[in-house]
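Participant: One-letter residues, chain by chain:
2 protein chains.
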Amino acid sequence: MINEFYREMTGRESVIRQFFDYSRKRAAELGPDSVLNFSIGNPSVPAPDSATEAMQTLLREMDPIALHGYSPTLGQPSTKAAIAESLNKRFGMNYGPEHIFPTSGAAGALSHALRAVTKPGDTVITFAPYFPEYIPYVTGTGAKLSVVPADIDSFQINFEKLEELFAPEVSAVLINSPNNPSGIVYTTATIQKLAELLTRKQEEYGHEIFLITDEPYREIVFKGTDSPFVSSYYDNSICCYSFSKSLSLPGERIGYLAVNPKAKDAELIVPMCGQISRFTGHNCPSSLMQLAIEPVLYTTSDLSVYETNAALLYEALTEIGYTVVKPGGTFYMFPRSPIADANEFCWTAAKELGLIIVPGDSFECPGHFRISYCVPTEQIEKAIPLFEKLYRRFS
Amino acid sequence: MINEFYREMTGRESVIRQFFDYSRKRAAELGPDSVLNFSIGNPSVPAPDSATEAMQTLLREMDPIALHGYSPTLGQPSTKAAIAESLNKRFGMNYGPEHIFPTSGAAGALSHALRAVTKPGDTVITFAPYFPEYIPYVTGTGAKLSVVPADIDSFQINFEKLEELFAPEVSAVLINSPNNPSGIVYTTATIQKLAELLTRKQEEYGHEIFLITDEPYREIVFKGTDSPFVSSYYDNSICCYSFSKSLSLPGERIGYLAVNPKAKDAELIVPMCGQISRFTGHNCPSSLMQLAIEPVLYTTSDLSVYETNAALLYEALTEIGYTVVKPGGTFYMFPRSPIADANEFCWTAAKELGLIIVPGDSFECPGHFRISYCVPTEQIEKAIPLFEKLYRRFS
Chain X
2 MINEFYREMT
12 GRESVIRQFF
22 DYSRKRAAEL
32 GPDSVLNFSI
42 GNPSVPAPDS
52 ATEAMQTLLR
62 EMDPIALHGY
72 SPTLGQPSTK
82 AAIAESLNKR
92 FGMNYGPEHI
102 FPTSGAAGAL
112 SHALRAVTKP
122 GDTVITFAPY
132 FPEYIPYVTG
142 TGAKLSVVPA
152 DIDSFQINFE
162 KLEELFAPEV
172 SAVLINSPNN
182 PSGIVYTTAT
192 IQKLAELLTR
202 KQEEYGHEIF
212 LITDEPYREI
222 VFKGTDSPFV
232 SSYYDNSICC
242 YSFSKSLSLP
252 GERIGYLAVN
262 PKAKDAELIV
272 PMCGQISRFT
282 GHNCPSSLMQ
292 LAIEPVLYTT
302 SDLSVYETNA
312 ALLYEALTEI
322 GYTVVKPGGT
332 FYMFPRSPIA
342 DANEFCWTAA
352 KELGLIIVPG
362 DSFECPGHFR
372 ISYCVPTEQI
382 EKAIPLFEKL
392 YRRFS
Chain V
2 MINEFYREMT
12 GRESVIRQFF
22 DYSRKRAAEL
32 GPDSVLNFSI
42 GNPSVPAPDS
52 ATEAMQTLLR
62 EMDPIALHGY
72 SPTLGQPSTK
82 AAIAESLNKR
92 FGMNYGPEHI
102 FPTSGAAGAL
112 SHALRAVTKP
122 GDTVITFAPY
132 FPEYIPYVTG
142 TGAKLSVVPA
152 DIDSFQINFE
162 KLEELFAPEV
172 SAVLINSPNN
182 PSGIVYTTAT
192 IQKLAELLTR
202 KQEEYGHEIF
212 LITDEPYREI
222 VFKGTDSPFV
232 SSYYDNSICC
242 YSFSKSLSLP
252 GERIGYLAVN
262 PKAKDAELIV
272 PMCGQISRFT
282 GHNCPSSLMQ
292 LAIEPVLYTT
302 SDLSVYETNA
312 ALLYEALTEI
322 GYTVVKPGGT
332 FYMFPRSPIA
342 DANEFCWTAA
352 KELGLIIVPG
362 DSFECPGHFR
372 ISYCVPTEQI
382 EKAIPLFEKL
392 YRRFS
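Chains X and V, in that order, give the protein sequences. For reference, each letter of the first sequence is one residue, going 2 to 396 in the working numbering. For reference, each letter of the second sequence is one residue, going 2 to 396 in the working numbering.
Chain X on its own, in the form it takes in the complex (with noise of 0.2 Å):
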């Protein structure tokens, strides 16, 4: 018979699919310019030259038995040594080729990641607004997903209710940032108090607690953002990263996770990941991705566009009205909703204007809608009109 949880689940569709699938809908019945899709996080600049190369020259030169070769379990070590050296002198950290597991993108880092320093019946906090998929990855471990609510007017740690819901069969926290939805980066100074919480928790309750850092939109930071590297401030921690955003390469799957070598059990974190992939049958990213990315681990695409929508939009908004923390990189802004049922406020603009945006209930921060602005700067320019009319429709 088939499995009736995830049979279920297929019933249940995601808020923020439904307006994408409004999207598609309203563009064929009326035609692409019927719509302004603010709704999905997809990269919109493409890959660098130089990964597209990478690529094109492995297929080329490199005997294809070793190039299309199972990888080892653990990772190509060459593409591990690589991102190792690469985060030591970016970040003045101390990585070694151990201390890397190429993953199938941030996905793929976070279920091993949860997995390795969790067990069923732990507790993982995190943050709202946060990632839906954050739910699936930690539940799918047997633990327990806790979620400190935001603080809005900053988008930083709500430090209050943080030590609030600790409590000892907390196992890891698990935070984003740069964030989505809201586009904001934790501070230094937030870092810093974060780990020093921790730090005193774990004394507290006599048993490590792991800081779990999902950054895929690490190399997305505006101009004069305090962006600190977590795994800097805290020993116990794990950074799980992604190729998808910062060279444009979504769909490849391809990424990792980085154990803080003054982590405990540094050493044992990795091999363990090998045994957790047997388990979930995900067993290594591609071998040409591994060993194309090891050239680029310097480049980005070229990013300067979402910088350019921020400003633009940010200065828009503000002035008509809206109430929106400054992002700090990413592509997202998370504006207040004029309304306080923020789904209401989104149908209408999908409906009366073709504006799509997605409500921040999705994100567990109700009163707010996410734009994703990965899109070409002329579809802000037109948008900012409609969000000024939908603005005065509703107050």
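Treat identical chains as interchangeable: a pair holds within one or across any two.
With a straight-line Cα cutoff of 16 Å, these simulated EDC-like cross-link-like pairs (lysine to aspartate or glutamate) come out:
#1 Lys265 <-> Glu5
#2 Lys120 <-> Glu9
#3 Lys120 <-> Glu5
#4 Lys194 <-> Asp236
#5 Lys120 <-> Glu170
Simulated from the structure, these hints should not be mistaken for lab results.
Using the hints, position chain V against chain X.
Facilitator: Quick look at chain V alone, frame taken from chain X:
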């Protein structure tokens, strides 16, 4: 704290791995000529040029944003349609794109198929000798693995023992034909008898019993071998395939599962796989690889060396005196050990002669050893006198 279950596993190295490591150590100490390695199932022939060209054409001609963008959760529609069509043409099936789910190789396919049709506490039956990774694949879903002992005279199914092991909590049966490690292909008669038994058990227990077929060696079948397409014979079936062996792309992690259109709830299973991925962090194979296999679905690498090696080795070993069931495909052979303890036999071969073969104990079939003959034919020729020496040594 780190997870004790996975930590403990890192200490337990597989026997296959121990032999592989010994072979590397010996080669490093005594030179590469001191070792004839028959322990690894890595294709020894390159990917066909057409596969490399397909990748190169995509990289040269396709818009990189589309090429490397997120593929839909349930897979690239054109790839799914092409796979369905190729199976329909070749095997007279009636798959639609909605029955095909691209996966990270057969490991990904099996992990999804098992989760889709079992629930924690169920039992999955498989047949010795079997690929040892079935243990984590099955237990990772929360189900138990129950193993039917081998029929060592034919390596077809031991139906008497299967019948004894059947119970109401059996929700799936997992077969691997052509088989690793025996090289045997289940005959049409075997598959028909299995289908009859499963149909009868479904009626007896009043619930579906799914047949999951692990088919990465489907294209490596030797002349004259009866090789039925299993899903033609039983409706509640899911075929799990990988291009690792047929296109020599094991490191690229590209395969699929195909749900029999006549299966109960056939139209639900692929959407369920999309949900399952969220819990395991799997999220689709590489988008480049999904698109690249489309034009090469009717192609394989030049697989003829495996048949040449099989014939040479089978003839030599039986002439020496070994008892061998003649393989019908794959690149494995599974002779009986001249002494009961195959482990001792294989270590003697490794240490005295540098002949690296692996004991059948790893495949839950003691008293046998596996030869992986995905090697240049000259290696077979060099090995034959050593197999003879070994046989004389023990008999």
